[in-house]
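So the protein sequences, as listed, match chains A, B and C. One point on numbering: in this note's numbering, the residue at position 276 of the first sequence is 322, and numbering is uninterrupted. One point on numbering: in this note's numbering, the residue at position 58 of the second sequence is 879, and numbering is uninterrupted. One point on numbering: in this note's numbering, the residue at position 346 of the third sequence is 439, and numbering is uninterrupted.
Treat the hints with care, as some may be off.
BS3-like mimics (lysine-lysine), calculated; alpha carbons at most 30 Å apart, straight line [claimed, not checked]:
1) B:K1001 / B:K1126
2) A:K208 / B:K844
3) C:K265 / C:K535
4) A:K301 / B:K1126
5) B:K844 / A:K205
6) A:K208 / B:K1126
7) A:K205 / B:K840
Label-pair distances were calculated between CB atoms; the ranges are [what the hints assert, rightly or not]:
8) A:E207 / B:L1018: 33 to 39 Å
9) B:Y909 / A:G349: 53 to 59 Å
10) B:A1090 / A:G272: 42 to 48 Å
11) A:E330 / C:L116: 22 to 28 Å
12) A:I188 / B:D1147: 51 to 57 Å
13) C:T148 / A:I188: 39 to 45 Å
14) B:L1018 / C:E440: 29 to 35 Å
15) B:D1005 / A:G272: 57 to 63 Å
Calculated from the model, a selection of chain B residues having no Cβ within reach of chain C, i.e. all distances over 10 Å [unchecked claim]:
16) R925
17) E948
18) Q973
19) S985
20) D1012
Since the hints were derived computationally from the structure, they do not count as laboratory data. Computed from a predicted structure; not experimentally measured. Quick reminder that beta carbons are idealized off the backbone N, C-alpha and C, glycines included.
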Amino acid sequence: MSSQTTPITDPAQDLSLAERLVAPDGRRLSNPELDPFVADIDPARLRELHRDMVILRRLDTEGVALQRQGQLGLWAPCNGQEAAQIGTARALDPIDFVFPSYRETGVLYARGAQPGDFVRVWRGEEGAPFDPQQLRVAPLQIIIGAQTLHAVGYAMGIKHEKAREVAVTYFGDGATSQGDVNEAMVFAASYQAPVVFVCQNNHWAISEPVAVQSQFPISGRAPGFGIPSMRVDGNDVLACMAAMRWALAHARDGKGPAFIEAVTYRMGPHTTSDDPTRYRDPEELDSWKSRDPIARVEAYLRGLGEIDDEQIAAAHADADAAAREMRAECLGMVTRKPLAVFDEVYAEPHSGIDRQRDEYAAYLSTFEEA
Amino acid sequence: MTQLTLGKALNAGLHQAMKSDEKVVIMGEDIGKLGGVFRITDGLLDEFGAARVIDTPLAESGIVGTAVGLAYRGYRPVVEIQFDGFVYPAFDQIVSQVAKLHYRTQGRVKMPITIRIPWAGGIGAAEHHSESPEAYFVHTAGVRVITVSNPQDAYRCLQQAIASDDPVIFFEPKRLYHHKGDVDLDAPLADAPPMGLARVVRAGTDATIITYGAMVSTALDAASAAEDEGLSLEVIDLRSISPVDYDTVAASVRRTGRVVVAHEASREAGVAAEVIASVTERCFEYLESAPLRVTGHDVPYPPAKLEKFHLPDLDRILDAVDRVLDRPNSLTGAES
Amino acid sequence: MIQEFHLPDLGEGLTDAEVVQWLVSPGDTVTLNQTLAEVETAKAVVELPSPYDGTVTALHAEAGATVEVGAPLIAFEVGADSPAERASDAGGATDTAEAADEKTPPNLVGYGAAPSSKSRPARRARRGVAASTSVDTAVLEAAPHDVLPDVPATPRRDERPRSTPPVRAHAKRLGVDLVLIAAEAGDRVITRQDVDAYAERVGATTNAAELQQETPMAAVIGDQEARETRFPIRGVRKHTAAAMVQSAFTAPHVTTFHTVDVTATMDLIASLRADRSLAEHRIGPLVIVAKAVCLALRRTPGLSSRWDDAAGEIVQPHYVDLGIAAATERGLIVPNIRDADRMTVTELADAVADLTQTARSGKTSPADLAGGTFSITNIGVFGIDAGTPILPPGQSGILAVGAVRRMPWEHRGEIALRQVMTLSLSFDHRVVDGAEGARFVKDVADILEEPGRAMLLG
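Pulled out of the complex, with its shape left as it was, chain A reads as follows:
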């Protein structure tokens, strides 16, 4: 656990003070706090994490392409954040429940989302990508920070039942300015709810750098609410996993909420509607390229002699296959019939909507077949 007491605004310095297990060049670093949490991670497991990240990046690229081809209305890329998402999500217990924002493609993937699930909402077919109770992931959340309160409420329920589950919520640096996120930490601490807050500080909220949100490391806020926090290198998949395991154990053991700030970088635009060249320094982008999470773990594995070109190629082939599947699912989606607009607004019969549906149905029947 760490927290700074002085403001820091220089990213380079930021990172040196974040918890780390693998340096950007692939060297393994010793970290007495985190090492015990990943003692069980062998090279095979590391290769799996590498493969996960390769697939994720490929899916993400395909999402952008599909939008550019008019098959999706929008896509929110997570390029550069693979380690933060895969590392933390792979630490979850199947029974844990996740409340994401809208950029956690990697988390959905790790939880077992199907190829169509990644695109269903962006294509505009449905409001939620999958059955939340099945995947144990709440629907994507566009209202910034709202999901953090939901996670806390969920965790309050867990605590009421004395269950060994944890509610996890993902959000960005921008979100930490929202009232809801702060209220969530108030509630979480007040009730000692078993909830883990995962902030992916990717340094940008559309065009606003993180310094606009906070002059102080974000991980430094949580202790102010009474919540222990850890600042971790978000491009180090091993450290992310370790940090998440620390946080989950803390919550699961009844010690209350925990907070992780994964320091990473949004390599792409905010969404496919955004043009980062208007506000970003190309040098900054370059400096982060040298911290690439996939290259890092590859270098680490190569250094151990535990990965070869064939295995890397196989991972990329799997990634291409996954992308093709996602594309096929996307293009094959059938839009629901017009009256579906009225479905499931309420759980119980509702005279107002029944009448509107009937009127609209009558109106539609006046037309020749479309």
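On the provided structure of chain A, position chains B and C as indicated by the hints.
This is chains B and C only, laid out in the frame that chain A set:
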């Protein structure tokens, strides 16, 4: 039959609901030890414990947001917003989350949340303690809006709201909290009329007054006074303002042909506007005169000393009745 | 086959983009997602990835040109197993398989501006409605209209007459009461034509001076010094007058009188009133007469039949809708009790009380006034014995019931003071002959004289 105040009837209703379903949890500011600033939750902490009667931090958005999380987990949260004027910080969670989640997830995630709000004016309160924000929620697809005007309805409708799998914004007229009425505590909930039904609280033949909440008793007073002039006024308590029970309303309008809709809330785009639009659509050929509204003015709620000039009273309602009956009224002057 | 790729909306509502540079040329083989071009939108410069594996056949815009969203950008020759082919086989809802067509929407998924169309805005084609510039009302009537289900099939007793505000205003100006028109119009919405036709029949005019409310004669304050006062003829009086005229000069009226000792009936009424269990039912002489009438009509149904000139038939109903004349503030009206012949005495009593109350409060509905097969008019309340009532239009019999008086009468061979009442029956001599009329009055009288005789008539 038991004589209970509206506040005590609500308390009894909460008690019943919590007894019948252990998934019902109540949460809000000061509802535990204090029993709520209006004592509506009095005694419930002792009876059901702190795990189910939750004093929350002072954060309305947080209260509703965590209620959403509890609903995800399968609980039936009953949230108390301390005063009508304080619901706005929670507005986003209500409108963007509570109202939409069932629809977004095609019913896989239910939001059986009841949000109780002490509501409306007439008690000479300080600022922000007398608001009538119901129109915002009536306009929000995905939530139901219930109002009560008497202890029996308070007892019954609150339980129904809690039992409903839909989110319900439940408005309690605070000026009637201490008013007594008969409550049948033993009548089984299953036999009660459905939550969405309006009620003809007084039958009449000359005109229909449609209203809800504390205004129901004002309308009944107006109808009594009107008897002296030989007028027979029908008064309908909508109870559910989203959805509105237009079957009951339309049947009345077809009989009387004359309509006055009254509410405390301000006029522009208020519930009366919606009711009149719907009534006109459905009953145009039965209308003998244009339907009229009697409402609060389009001003921010005035200070206590001016409150009585803002809230509709018996005389304003009867002036509108005179208008719809083509009798001498404030617009035409004393002579016809 | 050739696949066209249209410029998609690249960023939430963009309408066009400028081609900055092409990175491929016709004839090039391209793979899926290979960058084809850079385009600049209002928001950003973006790369366009190829939607297909295939060969470029044509570029539809030059570098530097502005292309509208939805316009064709580039064409490909694709293989049979391209994703586009598979998608169109799968019946995907995308537009990538659409042929280049100006009216086809671009590759959008619910986002983005609609393409600006060169053709005129037009309605979607509807069933049974020819696309034409003028409105053909007859055709539109055939199309299914609104489904608002709130109009009841039959008029409810207590509902207002149906009309629209402008027609109501018009009726008011003419001094016409819609309730009376509704009695004929039934459940239909009363139209302006209905009002005008009715007004013509009763002689109403749109005299500007008649813009006031109808007032009972008593309320008109005339000039006391003048030698006469003028009361406008309107409303119920007008209607009633018209009805009487029509009846009086169409049906040959014959009136038969019979005076009857009703002491036994009055004793019966007294004992019924003493019975606590009947306390809530107001059983008076009128009710007993009504019951007697219903029983008598079984033997002499001609009294409740009617002369249907148009059909050339006398119509004999198998029910009795009994009219009870009521004097109201607005004038004389005759509301009916439906199926009075099926009612018990107590039911009749309640129906009469209800009807009277409704009439007094002016709430009699059009449905109540319609129909009627026989009527009773209680002139006894005015303290008189007999009269020659005029038949309500469409009816063949009306019985006026006089006051009950104590009079010296023959009783068991001696002179005694008995309670005596005169019945005056007017009937339509086209439908009813003298013998039948007399028999009817006698049957009614027999019951009133000796209530037990009702058992003989069932």
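Requested in this report: Kindly indicate which numbered hints from before are broken by the structure, ordering the numbers from low to high.
Outcome: 3, 4, 6 and 15
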